[in-house]
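Participant: Protein chains in written order, with my numbering: chain A, 49 to 268; chain B, 118 to 356.
Treat the hints as calculated values from the structure; they're not laboratory data. Take the hints with a grain of salt, since some may be wrong.
[Said to hold, decoys possible] If you want the ones that stay clear, here's a sample from chain A, every Cβ over 10 Å from chain B, calculated:
| id | residue |
| --- | --- |
| 1 | Leu52 |
| 2 | Pro81 |
| 3 | Met100 |
| 4 | Val181 |
| 5 | Ile210 |
| 6 | Glu265 |
[Stated by the list, open to error] Short derived list, chain B residues pointing at chain A, Cβ under 7 Å:
| id | residue |
| --- | --- |
| 7 | Leu187 |
| 8 | Ser281 |
| 9 | Asp308 |
The beta-carbon is built from N, C-alpha and C at its ideal position, and this holds for glycine as well.
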Amino acid sequence: MSYLSHADLGGRNLAGPIKAEVEGEVFHAPWEPRVLALTLAMGATGSWNIDMSRAARETLPDYAELGYYEIWLRGLVELLKARSLVGEDELAAGSALHRAPAVQRLLLADRVGEVLAAGAPTQRATTAPAAFVVGQRVRARAGHAPHHTRLPGYVQGKAGVIERLHGMHVFADANAQGLGEQPQWLYTVVFDGAALWGDAAGAGVAVSVDAWQPYLEADP
Amino acid sequence: MATDAYDPSHDPSHDPSHEHEHEHGHGHGHGHVHGSEHGDEHSELSETELRVRALESVLTQKGYVDPAALDVLIDTYQTRVGPRNGARVVARSWVDPAYREWLRCDATAAIASLGYAGRQGEHMQAVENTPSLHNLVVCTLCSCYPWPVLGLPPTWYKSAPYRSRAVKDPRGVLAEFGVRLPDHIRIRVWDSTAELRYLVIPERPAGTERFDEAALAALVTRDSMIGTGLACAPAAASR
Numbered sequence: 049m050s051y052l053s054h055a056d057l058g059g060r061n062l063a064g065p066i067k068a069e070v071e072g073e074v075f076h077a078p079w080e081p082r083v084l085a086l087t088l089a090m091g092a093t094g095s096w097n098i099d100m101s102r103a104a105r106e107t108l109p110d111y112a113e114l115g116y117y118e119i120w121l122r123g124l125v126e127l128l129k130a131r132s133l134v135g136e137d138e139l140a141a142g143s144a145l146h147r148a149p150a151v152q153r154l155l156l157a158d159r160v161g162e163v164l165a166a167g168a169p170t171q172r173a174t175t176a177p178a179a180f181v182v183g184q185r186v187r188a189r190a191g192h193a194p195h196h197t198r199l200p201g202y203v204q205g206k207a208g209v210i211e212r213l214h215g216m217h218v219f220a221d222a223n224a225q226g227l228g229e230q231p232q233w234l235y236t237v238v239f240d241g242a243a244l245w246g247d248a249a250g251a252g253v254a255v256s257v258d259a260w261q262p263y264l265e266a267d268p
Numbered sequence: 118m119a120t121d122a123y124d125p126s127h128d129p130s131h132d133p134s135h136e137h138e139h140e141h142g143h144g145h146g147h148g149h150v151h152g153s154e155h156g157d158e159h160s161e162l163s164e165t166e167l168r169v170r171a172l173e174s175v176l177t178q179k180g181y182v183d184p185a186a187l188d189v190l191i192d193t194y195q196t197r198v199g200p201r202n203g204a205r206v207v208a209r210s211w212v213d214p215a216y217r218e219w220l221r222c223d224a225t226a227a228i229a230s231l232g233y234a235g236r237q238g239e240h241m242q243a244v245e246n247t248p249s250l251h252n253l254v255v256c257t258l259c260s261c262y263p264w265p266v267l268g269l270p271p272t273w274y275k276s277a278p279y280r281s282r283a284v285k286d287p288r289g290v291l292a293e294f295g296v297r298l299p300d301h302i303r304i305r306v307w308d309s310t311a312e313l314r315y316l317v318i319p320e321r322p323a324g325t326e327r328f329d330e331a332a333l334a335a336l337v338t339r340d341s342m343i344g345t346g347l348a349c350a351p352a353a354a355s356r
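Produce the complete structure using the sequences and hints provided.
Facilitator: Below you can see the structure in the form of structure tokens.
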């Protein structure tokens, strides 16, 4: 099955101005905060994980045409439909028509503060030694992943240096596919701008990504 | 809690000339025209609005969401969690060397000690600007952003132009924000590709030696903590 993300934008020549925005201008339409809240509340039911929700958004075929909260809305609907929690007929009718399958949890108002404060840390116990050490040269693997991944295209095949180890973290690629957390070592890897973009573009610039160990191989 | 509130009207770094260009309604800043594909903007908006209302009704009727919880969630990010939180962290780091060291070693704990923790800030790293290094944060893959200290990201941070260009032409992007760095200042771009979230610690402005922590925090803009701005000079803030 082919998997295509439309969200891997780093380094692409996408024209258009970057419009500054005043602090506190958080929403731009009355429905945007509703989408945010519905997304967070449904996320708290335990029906999917954050990597699954990112996968649902980035695979929307018209991703590039949508505003950000439109993407969130569409991604949420995809997740709900895929789990038969909501049907298109119900959205058309604006009311529940079918028996509601149970969800694991309901986020109640008086627990919101506590749940947000706890968050969802992704670090897990260290169960294996790290393959790489600080200062080591590594190369980001190249090639299309047929699933959600967090290795941006612009570093694939490029050599960089391990700057920091972060312990073992839930592996987004596995978690997004429902294969469990499969924690892997996570590293900050720094790439010289010139290595990524050529001398002119990259002068005096370094770019880092946070990469799980399976994304990397030693660069001899 | 009053100390956690931030004042949306105050952003000293903001260039008012941009305000008139801002498109309300869509909030994505992709810069392309919708009209030809979707009909006029108002009908598209009301379509989305209706869809969201339908979704909310269905989810509520099915007992998947508590309507009161939705209100609490919105109030949290609309009025209580925002960049004034991060500004307090920065100001503390400027006046308290021990705190700054703690921030370097364990930013998550140092930030949590001021009451800011949790969702989208579970694993924090503070990155310090110096006279020879400027830090810039982006998420090229989506919109990862340190919510507990900065709140929800601005539209431009989630937009295709910023996400595509910040890693390739950071000097050009900074220039669009009115930040022109001399060539000898190196730039480090942090692409938030995993669950680490980055807070830029801007340099403390000159002439603030006698400022207390609250006065210093007022100089710290949201953009300066993303890296698309600098902390304000004292004159600008004392207008």
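Participant: Output the indices of the hints that this structure fails to meet, ascending.
Facilitator: As far as the earlier hints go, only 2 is violated by this structure.
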